[in-house]
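*Asks:* Spelled out from the first residue to the last, the chains are:
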Amino acid sequence: MTKSELINLLAERFPQLVVKDAELSVKAILDAMTDNLSTGERIEIRGFGSFSLNYRPPRLGRNPKTGSKVQVPAKHVPHFKAGKELRDRVDSAT
Amino acid sequence: MTLTKADLADLLFEQVGLNKREAKDMVEAFFEEVRTALETGDSVKLSGFGNFELRKKSERPGRNPKTGEEIPITARRVVTFHASQKLKSRVEEHYASTV
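Chains as they are written, first to last, in numbering that gives the first Met the number 0: chain A, 0 to 93; chain B, 0 to 98.
Honestly, I wouldn't trust all of these hints.
[Claimed, not checked] Calculated pairs, PhoX-like style, for lysine-lysine (alpha carbon to alpha carbon, straight line, at most 20 angstroms):
id, chain 1, residue 1, chain 2, residue 2
1, B, Lys85, A, Lys74
2, B, Lys55, A, Lys2
3, B, Lys55, A, Lys80
4, A, Lys74, B, Lys87
5, B, Lys44, B, Lys85
6, A, Lys80, B, Lys65
No lab work stands behind these hints, which were simulated from the structure alone.
Remember, predicted model here, so these are calculated numbers, not experimental data.
Please construct the entire structure, taking both the sequences and the accompanying hints into account.
*Replies:* Here's what the structure looks like:
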């Protein structure tokens with residue numbers, strides 16, 4: 000499912016709204032989630048899951064081409080943990 | 000502050016102009032459509048944000064951490080999330096500016 004398919008499904012669910020409203024809603028939700036996560040704040044969606052940042056400490060890596068050692072700086076990476084309802088539904092469907 | 004469904008509903012009320020009822024229902028429907036797609040085995044690709052994918056895990060040995068007793072972890076299907084390049088660089092930018 001892509002973003003535009005999601006927008007269409009939501010527009011069908013809300014016949015009283017115009018498609019543009021569904022489109023703006025999807026955009027507003029994703030923008031808010033991006034803004035929050037990128038400033039290090041958590042997102043908790045009951046029944047769906049939570050998003051947070053994981054810290055990766057600095058490490059000594061290697062340039063795979065030359066084999067020379069390079070310092071890889073510390074970084075934060077987005078992490079998603081599925082909530083119970085999502086976990087159960089995805090697993091029981093198999 | 001942690002972002003919740005109530006916060007997202009407030010945003011739809013303020014930014015999109017949905018009424019309070021619609022805003023709450025829209026947030027619920029957004030996550031329900033993603034859950035339904037994943038439940039039916041479809042991956043979800045939200046460009047600019049990230050992709051939700053499904054992975055099949057086969058059975059593997061596990062342990063009860065309390066008792067040390069060995070119990071198999073059954074085969075299962077799980078959801079994984081891969082942040083988009085855009086989301087990853089937004090995170091990087093923020094921390095680069097604070098360090």
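*Asks:* Is it true that the CA of Lys74(A) sits at most 20 angstroms from the CA of Lys87(B)?
*Replies:* This hinted pair holds, its Cα atoms lying about 10 angstroms apart.
*Asks:* For Lys80(A) and Lys65(B), compute the direct alpha-carbon distance and say whether it is at most 20 angstroms.
*Replies:* 23 angstroms, violated
*Asks:* Are the Cα positions of Lys55(B) and Lys2(A) separated by 20 angstroms at most?
*Replies:* Since the Cα atoms of Lys55(B) and Lys2(A) sit roughly 24 angstroms apart, the hinted pair is violated (cutoff 20 angstroms).
*Asks:* Below or equal to 20 angstroms on CA atoms is what counts here, so check Lys44(B) against Lys85(B).
*Replies:* 13 angstroms, holds
*Asks:* Just to be careful, I want the Cα atoms of Lys55(B) and Lys80(A) compared with a cutoff of 20 angstroms; is the pair within it?
*Replies:* 16 angstroms, holds
*Asks:* Holds or violated: Lys85(B) with Lys74(A), Cα cutoff 20 angstroms?
*Replies:* Distance ~15 angstroms between Lys85(B) and Lys74(A) Cα, so the pair holds.
In this structure, the earlier hints numbered 2 and 6 are contradicted, and the remaining ones agree with it.
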